[in-house]
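To convert, take the position in the sequence shown, counting from 1, and add 171; that gives the numbering used here.
It cannot be assumed that every hint is accurate.
Unchecked claim - Label-pair distances were calculated between CB atoms; the ranges are: (1) 187 with 216: 17 to 25 Å; (2) 217 with 190: 15 to 23 Å; (3) 180 with 223: 16 to 24 Å; (4) 238 with 198: 27 to 35 Å; (5) 182 with 238: 29 to 37 Å; (6) 214 with 186: 26 to 34 Å; (7) 172 with 237: 34 to 42 Å; (8) 220 with 179: 27 to 35 Å; (9) 198 with 234: 13 to 21 Å.
For the record, the hints were derived by calculation from the structure and aren't laboratory data.
Beta carbons are placed, not taken as given, at the ideal position from N, Cα and C, and that holds for glycine.
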Amino acid sequence: MITVGDVMNMRAFDRIWLAAPCEGAASREVVGVGTLDHEPFTGSYDLFERGEFIFTTLGFAAMHPDLAEEAL
């Protein structure tokens, strides 16, 4: 089993932080990965599965900062 803490402790993530951490996040199991990109525009957040580790640059928020809060 791989946890959020395991992922965040990888050297590749030294300069990356959790955008929406919560209590106990480090011990949560990661069952897959996803990329948040266009979903704020289409509202298709149901594409993500519970337990996925979601990556995003929040690039869409440059022009639409209100969507960042909604996405997180």
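Quick rundown of the hints versus the structure:
1. 187 with 216: 17 to 25 Å: holds, 21 Å
2. 217 with 190: 15 to 23 Å: Roughly 20 Å apart at Cβ, these two residues keep to the hinted range, so it holds.
3. 180 with 223: 16 to 24 Å: With Cβ atoms ~18 Å apart, the hint holds.
4. 238 with 198: 27 to 35 Å: holds, 30 Å
5. 182 with 238: 29 to 37 Å: holds, 31 Å
6. 214 with 186: 26 to 34 Å: For residue 214 and residue 186 the Cβ distance comes to about 31 Å; the hint holds.
7. 172 with 237: 34 to 42 Å: holds, 36 Å
8. 220 with 179: 27 to 35 Å: violated, 20 Å
9. 198 with 234: 13 to 21 Å: Hint violated: Cβ distance 36 Å, outside 13 to 21 Å.
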